[in-house]
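Each chain sits in its own coordinate frame; assemble them with the hints.
Protein chains in written order, with the numbering used here: chain A, 1413 to 1579; chain B, 393 to 978.
Derived from the structure by calculation, the hints contain no laboratory data.
Any given hint could be a false lead.
Straight line, CA to CA, 20 Å or less: simulated EDC-like cross-link-like pairs of lysine to aspartate or glutamate [claimed, not checked]:
(1) A:1576 - A:1539
(2) B:580 - A:1463
(3) A:1478 - B:436
(4) A:1478 - B:710
(5) B:975 - B:710
(6) B:580 - A:1470
(7) A:1416 - B:567
DEER-style ranges, computed between Cβ atoms [claimed, not checked]:
(8) A:1427 - B:519: 21 to 31 Å
(9) A:1439 - B:855: 34 to 44 Å
(10) A:1439 - B:831: 47 to 57 Å
(11) B:482 - A:1511: 29 to 39 Å
(12) A:1473 - B:658: 47 to 57 Å
(13) A:1571 - B:516: 53 to 63 Å
(14) B:400 - A:1439: 46 to 56 Å
(15) B:878 - A:1428: 29 to 39 Å
Glycine included, C-beta positions come from ideal geometry on N, C-alpha and C.
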Amino acid sequence: MAKKIATIPFQGTPQQEAQLLEVISELKAEQGCLMPIMQKAQEIYGYLPIEVQTIIAEQLNIPLEKVYGVATFYAQFTLSPKGRYRISVCLGTACYVKGAGILLEKLQEKLGIGVGEITPDGKFSLDDCRCVGACGLAPVVMVNDDVYGRLVGQAEEIDEILAKYAD
Amino acid sequence: MSEMVNVKINGQAVAVPKGSTVLEAAHAANITIPTLCFLKDINEIGACRMCVVEVNEGRGFRVVAACVYPVSEGMEVLTNTPKILDSRKKTMQLLLSDHDRKCLSCVRSKNCELQRLAHDLGIEDDGYYDGITMDYAVDKTAPHMFRDNNKCILCRRCVAACEKTQGIGVIGANDRGFATHIGSAFEKGLGETACVSCGQCIAVCPTGALSETDFTDEVLAAIADPNKKVVVNTAPSVRAGLGECFGMPIGTNVEGKMVAALRRLGFDLVFDTNFAADLTIIEEGTELLTRVQKGGVLPMITSCSPGWVKFCEHYFPDLIPNLSTCKSPQQMFGAIIKTYFAEKMGWDPKDIVCVSIMPCTAKKFEMGRENQAASGYPDIDYALTTRELGRLIDRAGIDFTALPDEKFDDPLGIFSGAGLIFGATGGVMEAALRFAVEKISGDTLPAEKLDFKEVRGTEDIKEASYTVGDLTVKVAVVSGLANARKLMEKVRAGEADYTFIEVMACPGGCVNGGGQPIQPASVRNFTDLRALRAKALYDQDAAMTLRKSQDNPSIQAVYGEYLGEPGGHKAHEILHTSYVARKIHF
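Just chain B, with the same shape it has in the complex (with noise of 0.2 Å):
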């Protein structure tokens, strides 16, 4: 137990442990303090001045940013005077002053942190805040996102996100005074930067000033189109996030409802990802066991996150032979859709559209990479993030919390719990172990013995080592980029020896990706919303009795009927990717 300081918060006392700052004493007391730039561990900066407080230490009160501040015994705070409100307000308009104030045309509207602080300080827009403004080209050079800095108020969240959450730092703060502005060197296009794609910078931009490339109209025109065949597939994710944009608790499972509004948006055919993680699983369960019998490049390492794939073509670009060439389940769904369904169907692949739902804007950037069209066209015609597809299901008026609970269309609807659980860092490994362990000793697991807990959870890399037969496999788990270059640089010093590694390029795997619902910092500072979504799918999972993926029936019919065997001529042409090596500097 740690040492405890009491203070009083608005006249309330409250005990909080040593070392906590202002804004979370005020938290243990139900009290919320706003802030702009802070961002727990990752952007601790005290400078936007949203959060001032007045504090007294024995010496009479003065006003500190309660952020960074920390408690001290006795001390008194008070959060409210209107003196606070005053400096909060003041500051507010000089944020407001240099904003382009288009909330009507903004998608961040109703889920804009500064919009929501400027109703809640009582700021009138009435020409007030006229005058000079920065007026910037918005920057769309990048397939997955725009930046708008007409709307940004330097909080610098984005660029903490960029350079110490995934180590990357392709944006910062550039110029000084009333020109600085978040941008690239030399002001290129994050386009042209070594830009992984992951998101992340969006996930957690206060205002409207990043946001991913928006294709909701062009599904939506798709969708009208009565020569078109609308296949949508959705990320195990997804359903662990959507809920959120419609008000629902963090972690809810919303699988059903999810179903029913796609059915309700008029998709021809409502299928899963999962199904094609399934068939990620037998592929590059396979692969791997190729490479541990014949000698291959090992450590092998998971290329399902196009993030991570980027990331390691720009940085590692000696470790493109370590990289599975199995294609990510969304690109492999796609290519499933558009070869053997297709032909079971007997549609013509140029008139099908498919368009998947991800938690991810990396996706974007994935579905134009080469050697991704298995039968001729993309595999992958939109992907859609999961905030797409929230306003997708608002512009149609479909009340989704009052939706039916539906089940995925038949047969590639269908999934086990290994699939599922790709959603959470770990979640690949484990059902690839459930895999690869039943192939090697030609045993099939007991339903008790399916949960490879060492490599679940959050922590940032994560290790295990499992025996079967007379073969030891060592692996590795590990999320978010900046954990991700710590464990290669090992990897490329030789100082690792690990058989099979798991990367995914956002903290806590797809749940937390750059794709999913934003939540403000209020909720993000206190709530750990990976394991929260994760949880879902674990549970999701747990309830299941088709928990691997080699049981999978439309897995079983697809190599049955189509593919032949598992890493064949047939599925390498289908379901498998090559990379190139990228530059990090111009």
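Just chain A, with the same shape it has in the complex (with noise of 0.2 Å):
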């Protein structure tokens, strides 16, 4: 599936640019450094916008492109800031089964967000990822580090869930 680009304005401070240009000239020498980069960038950011990735581009004297090209073929880069808290339905097998699918769509209709983008508070991100490690509880939700297993996609059970990050 195609990755979704950042529609939010980006709000970069000068500190990170400058722990990302540090990070850049330590590891510049080192053939194929571009993975690494854009890893420790994503640390700092918490995601890979154009304004950063342009940085990387710049700095390693290549295309824009070919960043933008590692960014979007790799599942561990995102080019859309993840929220306060972020959500995450496993859709591994056993949770698929026990109809995770069908949870993730009632999720993204309730915050109105499609998979990979954040609500315009920043407040909710929504992803899909693979086995937590949690199957015994199938179907299993993340929101940062709670677990919320055994679940049935319910509409009060998902209010209820999100009305506890209500800050």
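Shown next, in the form of structure tokens:
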């Protein structure tokens, strides 16, 4: 599936940029440095928007498309920032059989965003993921580090979970 | 003599140099192994699996990709077994399952490598391939071309041409799996990127996924309009390529038939861009001598190639002062038609439609640039590629190969051999030298001294040094933008002491331009298109008596009757232009 490109404005700080430039100058000389730099960049910014990828391309003197091609190829990179509360719906075999697909659809409806996107207020982001190792609790949803299992996909159930993250 | 390796291909013994691939060995045995992704030197990725063959190196037969698999002594190769044919057919079926298969309305129909191969492999189109397909919007954001990913087979030949041949890399493979598609960073349209419009991606595309913006209907409408004077001019390289559209051997010079065809298409006047190439030499040569004598910015760099000019603006904006301010021959031609010639004929420039036939896609971008409208109307109204002219001729039902040879119209169809060789890398330099040496020394260059062979040939970068009187001129000639980048980095760093540099965006110059007829990989991988097409131009030049731009009587008339002095005020207004610094990123 094609990756979602962020639509909210970039809010990177000068400190973050200084950190990124330092990482790049450290790794730059090594062959195959692009992936490690992108991983560090994502740690610093939480995602890889065009502004960040442009810095990487300029510093490494490679085409921006090269960076973007790698960013969209690997599942570990995201082009969209994550919310304060990152919701992950497990789509592993057991969860999927137990209706995780329907759960994911309901969450999209409720939040008004697609998979890989973030709510306009920056509060929730929604992703799918593969097995989180809690198949006995299928279907499983994680919000940051909290695990919710044996869900049935009712509207009230979803509302109840989201209500816990009111701030 | 390199070491030879003996192999057997379909039972036939053949000896090939060590290090050859199975594909090359098969070619030597007159067997064509089908390929889709492979392009010699630039895209050797073995990805499409169309070239699979069975090889036995003593441990039984197994299937390998012929394009990248090296031969070994005693190797047996089978290229045509049921297993192989079945494998290729299945690969083709998978490709077609996500291809739009709209051959009837495709610009590449009859010249499509995918279509040809599907036919050869015995594919029947009966709905067998219907199913889920990706649905892409066609990218029409660039003025010179479009990309239709619904026809793309992900061979990555365009990506290799952009990144390796041209050193640009504004396109690549985005996303993965079924969603993989060729595009630009952050899915921006090609027109928003630092694409230079060279069209080398189109020239290597095996399908109809990439093609030039087509102006043929607009040109036909202009010809049919009784109130319009439609004047056409043809670039040097078109005559060296057009015949390929009609099955003629590569390197056939079809100048006479091309003129005859243009007349039969209904153009009011058939002129030659070579005339404007001669004009360029006088203006650019004068500019160079002025810069040398008055301490202007050196090295001066040619500005005939609009792909190169745009490349310079994006990637070397600091070298813009080095670019000659001369318009390209195409634009000079249009400017002269709508000023000098219009006045001479008593025509209103608004009624003139100036069409150029170019081996180039960047000319479609160039005609819309700022400061390219000497008469107040655009110098050029439509720039067509050689391929579009081929399509116009087909559409009109003209039997091209049976046409008689005809001559260009006077007076702007008169040209020198110097103008003609603009089409090959080194040609502009040689033409300029024929002018400059005479101008500096004040003596007439004899016929036997007109060949400056040091700047000819298809090497990436050529250098030469000439001393005339007490002046030494050091020159460099480069083609292909990846090569140009290397040279410009030296210029930027102050490590090069050239006086004059010729740059052509396309490798080998305009004869190998992005608008020339498309040869399939089966030909490209084993033929030097650049050298064969260039030879057509050099042969014609050698046979001419008029070989110096400054001897062209029409050029003398244009200056005498209208422009005044070369490099003078009026010449500047009409024949010179300006450039802008552009960004690389968004």
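Review point. Hints broken by the structure, by number, lowest first?
Key: 4, 8
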